[in-house]
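**Student:** Now for the letters of each chain:
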Amino acid sequence: MTFINYASREINCKIVYYGPGLCGKTTNLQYIYDSTAPQAKGKLISLATETDRTLFFDFMPLELGTVRGFKTRFHLYTVPGQVYYDASRKLILKGVDGVVFVADSQEERMDANIESLYNLEENLQTQGYDLNNLPYVLQLNKRDLPNVIPSDELVGELQKKGEPVFEAVATDGTGVFDTLKAVAKQVLTELRKG
Amino acid sequence: MAEAPFILQEHQFQRLKTVLARLCVECAARVVFLVDRDGQPITYHGDIGDMDTTSFSSLAAGNVAATSSMAKLIGEDVFPSVFHEGERESIFISVIGRSLLVVVFDERSTLSLVKLRTKRGSYEVAAILDEAIAESANNHASNNSFFAEITDDDIDSLFS
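In order, the protein sequence lines correspond to chains A and B. Under my numbering, residues 1 to 194 are what the first sequence spells out, in order. Under my numbering, residues 1 to 160 are what the second sequence spells out, in order.
Think of the hints as simulated: they come from the structure by calculation, not from any bench. Note that the coordinates shown come from a computational prediction; the quantities given were computed from them, not determined experimentally. Yeah, the Cβ is synthetic: ideal placement off N, Cα and C, and Gly gets one too. Be careful, since some hints might not be right.
Here are a few chain B residues that face chain A, going by a calculated C-beta distance under 8 Å [to be verified]: (1) F6; (2) Q9; (3) D38; (4) T54; (5) S58; (6) A65.
Build out the structure end to end from the sequences listed, making use of the hints.
**Tutor:** Put into structure tokens, the structure is as follows:
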């Protein structure tokens, strides 16, 4: 839920990166964190297991600048991708303003993508949201790997509603900011619509 | 569709700040935060030192979200408060509807004092927030012309 504070003239929005385990959600956030000026970001908080798998969520606040005198702050979250952390995923979707689905382009992860996308729709519904009416972007990650499925096939399987699609290699930053920009733009456009 | 925005007007913000300032003194607390249950910091009063208040708010909300789910698993509807006791500093979190009142205190105060004072303050905070939520829909409609003036160029300029 967007929080607009007229006293401090701030707009705060929540964006959640969703997707199957090891698809690169945390890597997206890490790249954004590493590439952003210190004054525009807070700390990157990672609630992870000892093997660096996301346990609860990763979080980073990002200040993008000012729109008509209002500071725009985006709170970026990732969910844990592993199937058995579903309770955590539901919690993190509460109050969401926009979602990025990070798909793993590797052939052997196709089933995991489909399962995770289904899980996203289901969890959004339990929180009272409809994916069709929510700012949403699809990212096809790991395009640099040899065993990837062609993009048009992935789009055919995973695109839900004509949402923007970006090819990405989150480890080197390819497509990371394009994805963020697209979802942030949709969130602000929603605000404009009222 | 995403939920309607929560709009806090300046006079409501100032009233919340006044309640938090009084609570901070009454609880003999180091700092008192008001945080949205989605993790957005609303305001605070007290000594934050070099604390990262944005991360703190997000983690407080995550903490309450997790314990609330645990409550449901054991047949409780919700845990209305959560307490973390440290060696020097402790944290008491009181759930007020969609928001959390978070009190950070040390050995100069006690849990019972914090609980007692927070309970009274909670009613005042809840009343202000209820008013803000009720007005949010109307405010959004009347202020929509302001947001409608946001152009694609304005949005694009954020990423230039």
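**Student:** Under the criterion of a CB-CB separation shorter than 8 Å, is Q9/B in contact with chain A as hinted?
**Tutor:** 5 Å, holds
**Student:** Would the hint on T54/B stand, with a C-beta cut-off of 8 Å toward chain A?
**Tutor:** 5 Å, holds
**Student:** Let's test the interface hint: is any C-beta of chain A closer than 8 Å to that of A65/B?
**Tutor:** Because about 4 Å separates A65/B from the closest Cβ in chain A, which is inside the 8 Å limit, the hint holds.
**Student:** Verify the interface restraint on S58/B: the C-beta must sit less than 8 Å from at least one C-beta of chain A.
**Tutor:** 5 Å, holds
**Student:** Was the hint right that F6/B lines chain A, CB cutoff 8 Å?
**Tutor:** 5 Å, holds
**Student:** For the restraint on D38/B, tell me whether the closest CB of chain A is nearer than 8 Å.
**Tutor:** 3 Å, holds
Taken one by one, the earlier hints all hold for this structure without exception.
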